[in-house]
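All chains, full assembly: derive it from the sequences and hints.
2 protein chains.
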Amino acid sequence: MPILHQMQVSGNCYKVRLAARQSGVAITLRDYGLHDGSTRKPAYLAKNPNGRVPMLEFEDGRVLPESGAILWYLSEGTPLAPADRWARAEALQWMFFEQYSHEPYIAVARFWLAFAPPEALQQKRHLVPEWHAKGNAALGVMETHLAKHEWFAGGRYSIADIALYGYTHCAADGGFDLQPYPAVRAWLQRVAAEPGHIPLAETW
Amino acid sequence: MPILHQMQVSGNCYKVRLAARQSGVAITLRDYGLHDGSTRKPAYLAKNPNGRVPMLEFEDGRVLPESGAILWYLSEGTPLAPADRWARAEALQWMFFEQYSHEPYIAVARFWLAFAPPEALQQKRHLVPEWHAKGNAALGVMETHLAKHEWFAGGRYSIADIALYGYTHCAADGGFDLQPYPAVRAWLQRVAAEPGHIPLAETW
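As you go down the protein sequences, you meet chains W and F in turn. Residue numbers are given in our numbering: position 66 of the first sequence equals residue 1243, and the series is strictly consecutive. Residue numbers are given in our numbering: position 158 of the second sequence equals residue 1335, and the series is strictly consecutive.
Take the hints with a grain of salt, since some may be wrong.
Pairs involving identical chains hold if they fit within one copy or between any two copies, as the list cannot separate such chains.
With a straight-line cut-off of 30 Å between C-alpha atoms, the simulated DSSO-like cross-links for lysine-lysine are [what the hints assert, rightly or not]: (1) LYS1311 - LYS1325; (2) LYS1311 - LYS1224; (3) LYS1301 - LYS1325; (4) LYS1325 - LYS1218; (5) LYS1311 - LYS1301.
Please keep in mind that the hints were generated in silico from the structure rather than gathered at the bench.
Written out as structure tokens, the structure reads:
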């Protein structure tokens, strides 16, 4: 059974747990501490030189880092995968958008405001306004899309929705207010109502 | 013929020009200024609310932003596409790595050091050490991979190599020294020797 090297509170790791559950792939979880630097130690770096979670490790020793790549791999051949060439392009458009224009502000604000030790947060507090401005810009881009579309790619629920749900649904942890984004809030409810949905806190 | 909305000096746009050329797809270029804010004006935002280049616009009006999504779309069915499920996962792993752990430091350092007005650079100069530290970490991850592999995904030249070549080959513009990365330098030469390769400056 593949092992998901993960941190439970990480939205990037949650995306993989959610996609695995909804695509019927059994995985084992191996947890790492948020603050103990265990993913930057030699044993971990030997598997993933980039020192990050999530990483999926297969029984034959192959490893796959990067939540977007793991979502793609796990979903191939399942209803979570985008169904045709254009839907694949749309899904990747939003998955790259999430990692470049959304996660670095919304997930990072959440990490520092909700999980970092207070003395570490003090070193970063001057960055909060920029995180909020750029994170709200990303939420605005999502709102524009969702005002006209039910889902992000191919007209149906897919890994693109999972990728964006990961940190959008808990954006309040980073000090974001979703009140100005009614289409985003309605979409969050649609995602949470999908069969097999699990909350971020659920483990096994 | 699809229109690539682009800036000529952008490595993200160069990736698309290179992949289009090597996959035999004819595209028209529409150029935007680096500093005139033209991709943040209403006419552009109506097509891409995220206000970025590259964006590929098709004759039927569909638009596709995000270089990684465009590379995926253009290469489907060509030898530039990763060939099987595992190669697709490897390619996306490196393409997401590039956008999250490489481009925000190596491309951003290049933009500010090589293309920004001097007075604007002054506002950012305190960030250069962090860009260099994190960019060098990304180059180290590439070096570790390339010390044992000729290419990034599926054992052959693909869009994953194009995605990483875009800003690695011009990293010196951002003050990076590639001397400590011999495997990266050898790979850059292999990429540049591929049939149909064009340099960043080439236009049509």
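Between copies, within a copy, both or neither: which fits LYS1311 and LYS1224 at Cα up to 30 Å? between (33 Å within a copy, 19 Å between copies)
Up to 30 Å CA-CA - LYS1218 versus LYS1325, copy category: between (46 Å within a copy, 21 Å between copies)
Reference check for the pair LYS1301 and LYS1325, CA-CA at most 30 Å: within, between, both, or neither? For LYS1301 and LYS1325, the Cα distance exceeds 30 Å both inside one copy (37 Å) and across copies (38 Å).
When Cα atoms must be at most 30 Å apart, do LYS1311 and LYS1325 count as within-copy, between-copy, both, or neither? within (22 Å within a copy, 38 Å between copies)
Given a CA cutoff of 30 Å, do LYS1311 and LYS1301 count as a within-copy pair, a between-copy pair, both, or neither? both (16 Å within a copy, 17 Å between copies)
In summary, the structure is inconsistent with hint 3 from the numbered list given earlier, while agreeing with all the others.
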